[in-house]
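**Student:** Here's the letter readout for the chains.
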Amino acid sequence: MEVNRRELLEQAGKFLVLSGAARVAFQTMTGETPPDAEKYKAADHWWGMTVDITKCIGCGNCVKACAEENDVPEGYFRTWVERYHVSDPLQEHPQVDSPNGGMNGFPVLNYAAEGKSFFVPKLCNHCADSPCVQACPVGATFESPDGVVLVDQKYCLGCRYCVQACPYGCRYIDPRKHTVDKCTLCYHRITQGLTTACCEVCPTGARKLADFKDPKDPVHEFIRDNHVEVLKPHLATGAKVFYHDLDGVVR
Amino acid sequence: MRKTLKEAEHLIRFVVLLGVMLAAFLLIRAAIVPKSFGQYGHYRGAALEEIRARPVSFAGHATCEICHDEVAKTKNAGRHAGIACEACHGPSAGHTEDPSAHKAVKPDPATVCLHCHEANPARPKTFPQVVVKDHAGDTSCGTCHQPHSPKL
Chain A
1 MEVNRRELLE QAGKFLVLSG AARVAFQTMT GETPPDAEKY KAADHWWGMT VDITKCIGCG
61 NCVKACAEEN DVPEGYFRTW VERYHVSDPL QEHPQVDSPN GGMNGFPVLN YAAEGKSFFV
121 PKLCNHCADS PCVQACPVGA TFESPDGVVL VDQKYCLGCR YCVQACPYGC RYIDPRKHTV
181 DKCTLCYHRI TQGLTTACCE VCPTGARKLA DFKDPKDPVH EFIRDNHVEV LKPHLATGAK
241 VFYHDLDGVV R
Chain B
1 MRKTLKEAEH LIRFVVLLGV MLAAFLLIRA AIVPKSFGQY GHYRGAALEE IRARPVSFAG
61 HATCEICHDE VAKTKNAGRH AGIACEACHG PSAGHTEDPS AHKAVKPDPA TVCLHCHEAN
121 PARPKTFPQV VVKDHAGDTS CGTCHQPHSP KL
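As they're listed, the protein sequences go chains A and B.
So the first sequence is residues 1 to 251, counted in this note's numbering.
So the second sequence is residues 1 to 152, counted in this note's numbering.
No lab work stands behind these hints, which were simulated from the structure alone.
Since we're looking at a predicted model, the values are computed, not measured.
Among these hints, one or two may not hold up.
Result set (PhoX-like, lysine-lysine): computed pairs, CA atoms no more than 25 Å apart in a straight line [as the list claims (entries may be wrong)]:
| no. | chain 1 | residue 1 | chain 2 | residue 2 |
| --- | --- | --- | --- | --- |
| 1 | B | Lys-35 | A | Lys-39 |
| 2 | A | Lys-216 | A | Lys-39 |
| 3 | B | Lys-103 | A | Lys-55 |
| 4 | B | Lys-73 | B | Lys-6 |
| 5 | B | Lys-35 | A | Lys-177 |
Could you build all of it, start to finish, from the sequences and the hints given here?
**Tutor:** Printed below as a string of structure tokens:
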């Protein structure tokens with residue numbers, strides 16, 4: 001059969017275009033789910049946390065839950081609770097204790113009846129202007145597009161620059177992996193619509209996850225109605241954990 | 001032109017050597033640097049997915065309430081409304097996935113209640129706390145108080 005080259009190309013071109021169109025038509029008819037419909041969009045979130053000192057009872061549920069959720073080795077803490085006691089407002093240093101990070105609660109101390117006592121839960125502040133991210137020589141720790149400071153376990157060298165750089169002391173070297181680890185704000189949970197392990201088990205609601213980009217999030221009301229502070233504001237780290245009623249004596 | 005080239009031979013050798021070194025550097029860099037590095041910033045973009053894929057241990061109270069709605073209703077009407085189920089019952093994600101294989105933990109009132117309600121001067125004054133020795137002696141809290149609706 002004699003086929004003209006031009007005709008052949010014309011036919012081939014028509015065939016390709018029509019089969020492509022047919023494929024799209026078929027998919028539209030059968031109702032294929034758009035690929036990105038259920039995917040988590042990092043640009044819609046800016047994560048942080050609020051801690052209400054007036055509500056914290058020092059039960060240590062948060063410390064225990066975090067250790068269980070994130071497989072934290074014993075003796076190391078991604079979050080911990082400190083108890084402060086101030087008997088005289090003019091004293092130079094408060095009395096601070098944190099037995100096992102507060103995981104099993106706090107023993108009753110007689111002197112705590114006089115003066116002011118309170119509990120301060122601490123964790124990674126997921127700083128917007130983080131000194132630890134700045135210090136990392138290889139880019140193993142970073143701030144995700146939604147504001148969570150994370151560690152890339154496969155890329156970390158274990159040089160410990162970031163452990164030194166963090167002013168809040170929230171990083172540690174995992175003795176099993178020999179890389180750095182820290183609070184991830186339960187990234188694997190919050191990106192699925194759950195809350196962090198520590199906030200989930202807090203019995204008084206002292207700890208609450210905050211999404212600053214969500215207009216319906218109670219954090220906006222919290223910051224508007226309460227006087228909130230961050231830890232070590234003089235270091236201008238852009239910390240995103242806001243404390244209500246944080247006494248000035250807290251380091 | 002040829003004369004200039006001949007006279008500049010020693011310089012041209014250096015330029016070519018630099019060019020070869022640059023090419024080698026770029027080749028090795030392309031091979032070693034992970035593909036997703038620089039996707040969102042100065043880090044490996046694939047790390048975000050890896051961290052998101054970690055397993056969950058606490059199911060979240062919304063999941064518990066799907067099956068245990070009666071208990072949830074009782075609890076949400078009482079003083080313990082704001083407390084998540086797993087605060088006392090422990091991590092139960094295994095239970096939500098396979099209820100018969102993983103039994104949820106039933107905590108002992110004698111220990112779990114003290115955790116929060118044992119009197120401690122450092123706690124806020126408005127928080128309900130008792131010196132258990134004076135309040136109940138050796139009796140377990142569960143004898144009088146129902147944990148999901150503790151007010152008598």
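**Student:** Let me make sure I understand: some of the numbered hints might not hold for this structure. Which ones are they, in numerical order?
**Tutor:** 3 and 4
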